Amino acid sequence: MATVARSIPDPAALRRRGRLNAGDALLYGITLAAALSALVLLILIAREIVADAWPAMKEFGFGFLTSRTWEPTADVYGAATFLFGTALTSFAALLLAAPISIAIALFLTELAPRWLRGPVGALVEMLASVPSVVLGLWGILVMGPWIVDHVGPFLHRMLGWTPFFKTEPAAGPSILSAILILTIMMVPIISSICRELFLNVPRDLKEGALALGATRWELVRGVIFPYARAGIAAAMILGLGRAVGEAIAVTQVIGNNEAITWNLFDPGDTLASRIASLYQGATTKLQVSSLVYLAVILLAFSLVVNLLARVIVHRVGQRHANA
Amino acid sequence: MSDTALTTRTLTSEHRTRRRIVNWVMEGLATVAALAAVALLVIVVGSVAKRGAGALDVDFFTKTPSFLGGFGDQRSGIANAIVGTFLIVGLAVLMALPVGVLAAIYLNEFAPKRVSSAMTVAFDVLNGVPAIVIGIFVFVFIVAGHGQAGIKGAFALAILMLPLVTRSTQEVLALVPDAMREASLALGAPRWRTTLNVVLPMAVGGIITGATLATARVAGETAPLLFTTSLAANTVSWNPTEPLASIPMFIFTSAEQADPSLQEQAWGAALVLITFVLIASIVARTFGLRSRRRLTGGR
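Chains R and F, in that order, give the protein sequences.
For the first sequence, the working numbering puts the final residue at 323, and the numbers step up evenly by one.
For the second sequence, the working numbering puts the final residue at 299, and the numbers step up evenly by one.
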């Protein structure tokens, strides 16, 4: 109270009231500089990375994206196998994670008794706070052997006719391990966004459907999903972005193998995992530059993903505001 | 025509049974999915605890790794990694916390709404940049040609932390009732005093919560450290201008070793890390819920 009383100004100062005084200007300037830091960092990141990738970009051009060779002895590099691996692992993980996450979100908003919602929701989100290096460690030493001994043989027996499980599972790293680890990472992200979305469905819409005699599933399919459709898409895109950028856990379980293969029991590699695996192995200037080129691809992808998700959310927000 | 057909069909009891079964199956699947996620957390944490507990003794926290000691005849520890992580994460907090909070103050207290939402996009986009890309950026920006250092790893972690701190602080500031600001201004306090003496003290609990969650989140990050502070000596170092060991890097490199005693140490380190991260997030969440409830007056 005393501080407020002391700051009561004299009449001359009162006349200036409403305009910025020195203290205001100072705080304004400092905070503005801090707020600009994100933008400055983004520009700096883009500029520095592109500058260091430039030798490789000049040498290989866009052919980098379609060339399968990654040959340090010949100093020739291409990203096609990693692009393929990234696309395969991320989309497969999304395919698994999306229905699971939506189901969890539905459980947490529609099904679970009220006292259970908080704790279960917190536990699912806690899954996201397990560090990726720990998840990777668990992936190699616990989940890997479990896949080889139990899941793998079963999948091979049932689905051996598809290109995905053609061979008997071999011990060691595999694309399938990477897919499962990425799924575990995506589920808490997508489900927590979906939970928010489902909570925001207007109550009268839900009650209307129930009053018409809809079952709970019909309520979900007929009211909640249509209402949250765009948001779910945005959540999936954000989850995909997370999976594409994950380096550590993937490099631990995938085996860093340069091969384009649909067989999920084989080892493979992704963009991010290749960068991580070479943290002390890059020798020539061009190889370092090519690694940075991989980072440029990841950066560009993450920008597109985030802006796309934003645009979707924004458009929906406007539609709901107009309605 | 079709309407009547539909109505007749809807009214058959066979159809009603089918609807009920579909509903029952779907509810079952959703429940199973939620239970599976919780079970998975229990399995992961459980196996880390089971395999890591054996490695934890006094030596583990006080000694440094002895790769030359041969197979298992000599107990060794991760003291250097614990000190390193403490320094790196501490420095990252020192860098990210003030900038993040100040940025949030601008976005919430000073900026016009349109400017604020445009600038917030930059933080969201920065938040979406993969950790490995941040690591590569710091590498090409200040490591290549100059060498690794703990402080450079801390800088990389700070970049990851910045958007987390800013966004969570923004959320808390938005909860401070406008009436408090107006009351302060009406008493003649200038904007800056209102912000520092009225708004910030009310929000400080929430800010600490957000900062703790962000710290827990980056403490486990490995990707930003790979290229910035991975080539550390096996001795305890308190000097952040040289490469520092860290718990995530120790887990990452030991996991790939065939030596079972090193693997056991990796599990031990994972247990230390996961304990810190989980306890920090549980404490922050409980504490945060309380201070949020106080701000919103119990709603």
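I should point out that these hints are in silico values taken from the structure, not numbers from a laboratory.
Note that this is a predicted model, so its numbers are computed, not measured.
Among the hints, a few may not be true.
[Unchecked claim] Taking CB as the label site, the calculated pair distances span: (1) 58(R) with 29(F): 48 to 54 Å; (2) 144(F) with 314(R): 34 to 40 Å; (3) 47(R) with 25(F): 50 to 56 Å; (4) 36(F) with 199(R): 17 to 23 Å; (5) 294(F) with 300(R): 42 to 48 Å; (6) 168(R) with 235(F): 44 to 50 Å; (7) 149(R) with 36(F): 18 to 24 Å; (8) 238(F) with 314(R): 33 to 39 Å; (9) 287(F) with 300(R): 38 to 44 Å; (10) 150(R) with 42(F): 17 to 23 Å; (11) 25(F) with 314(R): 35 to 41 Å; (12) 147(F) with 319(R): 50 to 56 Å; (13) 158(R) with 42(F): 23 to 29 Å; (14) 177(F) with 47(R): 41 to 47 Å.
All residues carry an ideal CB built from backbone N, CA and C; glycine is no exception.
Cross-check of the supplied hints:
Taking 48 to 54 Å as the suggested C-beta distance range, the pair residue 58(R) and residue 29(F) conforms, at roughly 53 Å. Separated by about 39 Å at the C-beta atoms, residue 144(F) and residue 314(R) satisfy the suggested range of 34 to 40 Å. Between residue 47(R) and residue 25(F) the CB atoms are about 54 Å apart, so this pair conforms to the stated range of 50 to 56 Å. Distance hint check for residue 36(F) and residue 199(R): the Cβ-Cβ separation is about 22 Å, which falls inside the suggested range of 17 to 23 Å.
At roughly 44 Å, the beta-carbon separation of residue 294(F) and residue 300(R) lies within the given 42 to 48 Å, and the hint holds. Taking 44 to 50 Å as the suggested C-beta distance range, the pair residue 168(R) and residue 235(F) conforms, at roughly 46 Å. Range check, residue 149(R) to residue 36(F): Cβ separation about 20 Å, and the 18 to 24 Å hint holds. Separation of residue 238(F) from residue 314(R) is about 48 Å and departs from the stated range, judged on CB atoms against 33 to 39 Å.
Checking the proposed 38 to 44 Å range against residue 287(F) and residue 300(R) shows it holds: the Cβ atoms sit about 39 Å from each other. Taking the beta carbon of each, residue 150(R) and residue 42(F) are about 19 Å apart, inside 17 to 23 Å as hinted. Checked against the given bound of 35 to 41 Å, the beta carbons of residue 25(F) and residue 314(R), roughly 36 Å apart, stay inside it. At about 53 Å, the beta-carbon gap between residue 147(F) and residue 319(R) stays in the expected band of 50 to 56 Å.
In this structure, residue 158(R) and residue 42(F) meet the distance hint of 23 to 29 Å, their C-beta atoms being roughly 28 Å apart. Under the hint 41 to 47 Å, the C-beta atoms of residue 177(F) and residue 47(R), about 42 Å apart, fit the expected range.
Checked against the numbered hints given earlier, this structure breaks only hint 8.
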